[in-house]
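Enquirer: Line order of the protein sequences matches chains A and B.
For the first sequence, my numbering assigns the number 1 to the initial residue and increments by one for each residue that follows.
For the second sequence, my numbering assigns the number 1 to the initial residue and increments by one for each residue that follows.
None of these hints come from the bench; they were simulated from the model.
Wrong hints could be hidden among the right ones.
[Claimed, not checked] Some chain B residues close to chain A (C-beta under 8 Å, calculated; not the full set):
#, residue
1, Pro13
2, Gln34
3, Pro88
4, Leu112
5, Phe138
6, Phe230
7, Met273
Think of the CB as a built atom: it goes at the ideal place given N, C-alpha and C, for glycine as much as any other residue.
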Amino acid sequence: MRERAASFGLFPHLILWGGLILVAFPIYMTFVASSLTPQQILAGMPLLPGAHLIDNYRSALFEGVAATSGESVARMLWNTLVMALIIAIGKIAISLLSAYAVVFFRFPLRMIIFWTIFVTLMLPVEVRIVPTYKVVADLGMIDSFAGLTIPLIASATATLLFRQFFLTIPDELVEAAKIDGAGPLRFLVDTVIPLSRTNMAALFVILFIYGWNQFLWPLLVTNSAEMTTIVIGLTRMIGTGDGRTDWDIVMATAILALLPPALVVLLMQRWFVKGLVETEK
Amino acid sequence: MQRRVVFRGKTLPYLLVAPQLAVTLVFFFWPAAQAFWLSVHRQDPFGLSSHFVGLANFAAVLADPDYVNAILRTAIFSLAVTVLVLVPSLLLAVMADRVVKAAAAYKTVLLLPYAVAPAVAGVLWLFLFYPGVGPLAFALHALGIDWNYLLNGGQAMALVIVIAAWKQISYNFLFFLAGLQSIPRSLLEAAAIDGAGEARRFRTIIFPLLSPTVFFLIVVDIVYAFFDTFGVIRSVTAGGPGRSTEILVYKVYYDGVVGLDLGGSSAQSVILMAIVVALTALQFRYVERKVHY
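So that you can see chain A by itself, here it is in the shape it has in the complex:
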């Protein structure tokens, strides 16, 4: 469309630059503040990074601050990584298996089981906070990775996505496998899982970010300092009125908290876009 391109020229770029600045400004300023001393931040901060980048990150990673009971950010990053990986891999594994059963078998209660899984789509943890907490407490799962991850592992969206995909696998493939004498588990391992690789990668990206960014659930089920996740630790570092806030350390921690999911989005953008469009629609 020559006419369109000619009449607009630089205008779209101007708008897009406005969008980029809006999106990047808070992240950039946080990064700048993470390279300054507290005095520099409070005395009207500059727009370019300072000289204390390495000091601040080392101090955050290995020393922590009083507000988080001295728990180091390195430990929080580890906790968060373990939580995010268990949630992402666990969701993919149990959804893959249940979708496989629902699509490739006929058995009594099949549709009831499918709908039981499906309606969980409508019950986000935010709306059933107290009773879910009570169940986890009764099972003695407070302050453990099991309590942190298992309640979040059931996922209707992943099951639905796998189901949609499995329905597109040609019948001929199943028949060929049967003629070759392959049982259902052989077919799952040799054919279905390799075919699902792209779907699994796309889901992994979305679910890793979902797991990493959990806030309300870890806030409820972790009490001890050594189980703190980085998102929780970060919010605890900000003094509420009486306490002093070490803004340089807080800003370094904020960058560390957003870096892993941001890298996943940047490096695995193709899977990320695929996952986002397919899981949520």
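Following the hints, position chain B against chain A.
Expert: Coordinates of chain B only, in the frame set by chain A:
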């Protein structure tokens, strides 16, 4: 939809669904059932005994002026967030759709907020606007604005709305861009040849073809504003100052976890579940099927 060729198996399919079914029953259905049970019972202060009170908890919740205010506040909050997300994302997507050079780079940066946790996004913005600390708080003071969101409820609300919208822009941008790119070029070219200007093409071709995306995103954004903004509220204002940013999901948390009002919090949970079910039903029934021009 069903497969024609399936495997035979008596116990294997049950074993395959068992893990997911177990998690779903223990951590979804059992708590949801408990929420219903608790919502119609009242416990004594020591949690030793409870008795059936019918709909008294619901009546108490709905008669509580704090709850009614929280409903109104949530309505304003989610409406503001939805508008503040949709308009800039649509504008950015329309612009990105016509840019050839550097389009991928723009897209990459615009996707970043999705990766940032709501609570972390809250901290980034809280720093910028923190009275006596943040550069934007200084800038506002220099402009003669008496900025202190820690004391001023209206300012606090404006701040959490902006943060919540910022985080959701990636998602909306991506869906708008996908929607725009699926519009056949030939249609737009034919309209251009017939003499339809830029604005007219947007109004008569692009926007109608985009309407299913718009409706879908409205529902998604409302659900997001209702439930996924807890981290923003908690990290920036904790519902304050003086309840001025206490939306429904924050109130459920606060009343149940901090206030230990199990009956009241559970009644609120049940009300929220009804809202989610209604919104999800809307999304599936209305949005996906009927809004096609």
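Enquirer: Against this structure, judge whether each hint is valid.
Expert: Outcome of the hint check:
1. Pro13: 4 Å, holds
2. Gln34: 4 Å, holds
3. Pro88: 7 Å, holds
4. Leu112: 6 Å, holds
5. Phe138: Because about 6 Å separates Phe138(B) from the closest Cβ in chain A, which is inside the 8 Å limit, the hint holds.
6. Phe230: Status holds, d = 5 Å.
7. Met273: Result: holds, 5 Å to nearest chain A Cβ.
Consistency note: the structure conflicts with none of the earlier hints.
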